[in-house]
Amino acid sequence: MPPKIHLKSVGDHITVFGFDIAYYGIVIGIGILAGLMMAVMEAKRTHQNVEDYNDLAIYGVIFSIIGARAYYVIFSWDMYKDDIKNIINIREGGLAIYGGVITAIVVVFIFAKIKGLSPFLLFDTGRFGLITGQMIGRWGNFFNREAFGEYTNGLFVMRLPVSQLLAGTIVVISAILIIAGRKKAAALQK
Numbered sequence: 081m082p083p084k085i086h087l088k089s090v091g092d093h094i095t096v097f098g099f100d101i102a103y104y105g106i107v108i109g110i111g112i113l114a115g116l117m118m119a120v121m122e123a124k125r126t127h128q129n130v131e132d133y134n135d136l137a138i139y140g141v142i143f144s145i146i147g148a149r150a151y152y153v154i155f156s157w158d159m160y161k162d163d164i165k166n167i168i169n170i171r172e173g174g175l176a177i178y179g180g181v182i183t184a185i186v187v188v189f190i191f192a193k194i195k196g197l198s199p200f201l202l203f204d205t206g207r208f209g210l211i212t213g214q215m216i217g218r219w220g221n222f223f224n225r226e227a228f229g230e231y232t233n234g235l236f237v238m239r240l241p242v243s244q245l246l247a248g249t250i251v252v253i254s255a256i257l258i259i260a261g262r263k264k265a266a267a268l269q270k
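Quick note on this note's numbering: the sequence shown kicks off at 81 and runs consecutively.
By construction, these hints were calculated from the structure, which means they are not laboratory data.
Check the hints yourself; a few may be wrong.
[Stated by the list, open to error] List of simulated lysine-lysine pairs, PhoX-like, C-alpha gap at most 25 angstroms:
no.: 1; residue 1: Lys264; residue 2: Lys165
no.: 2; residue 1: Lys124; residue 2: Lys195
no.: 3; residue 1: Lys124; residue 2: Lys264
no.: 4; residue 1: Lys264; residue 2: Lys161
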């Protein structure tokens, strides 16, 4: 019988001045910053006002966290119906990316309307940022053991969760979009 493989958990947080900071949150934060950097680089490359993207990022992040929490609470109502004040306690987890993305889309349309910008140009410029942030953020799932796979008795029978397949798919899609975007930009410059 092959030896059992057992990987110990890395732990789920660091403590700074008595305040626990989850590794998952750190990775998500890095994903947000990397995504913003990608959007800003694309805005510079296409000669747009970078400050618009910085402003949009502030509103987008704040409202997307609210939207992600609202979505989670709505679809997990049984957990919150008897403890309403726990709805705002995101320190205990409970954000859903779908709610965050839906809210971000709404924020882009509102922001574009207020600033007199094309929402579609904002989406086009931000596409690399979204994919980059999602790609990095997905790896945060490993720290809270959502996307690790199952322990196994054999060396080659580890199960691959759907989230890992999704992360790989996102990498492939982002590569395709980057290549297509550069070809499109090169064609427009001719």
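Hints, verified against the model:
1. Lys264 to Lys165: Judged against 25 angstroms, a Cα distance of about 50 angstroms means the pair is violated.
2. Lys124 to Lys195: Measuring from Cα to Cα gives roughly 18 angstroms; hence the hint holds.
3. Lys124 to Lys264: holds, 16 angstroms
4. Lys264 to Lys161: violated, 50 angstroms
When each numbered hint is compared with the structure, violations occur for hints 1 and 4.
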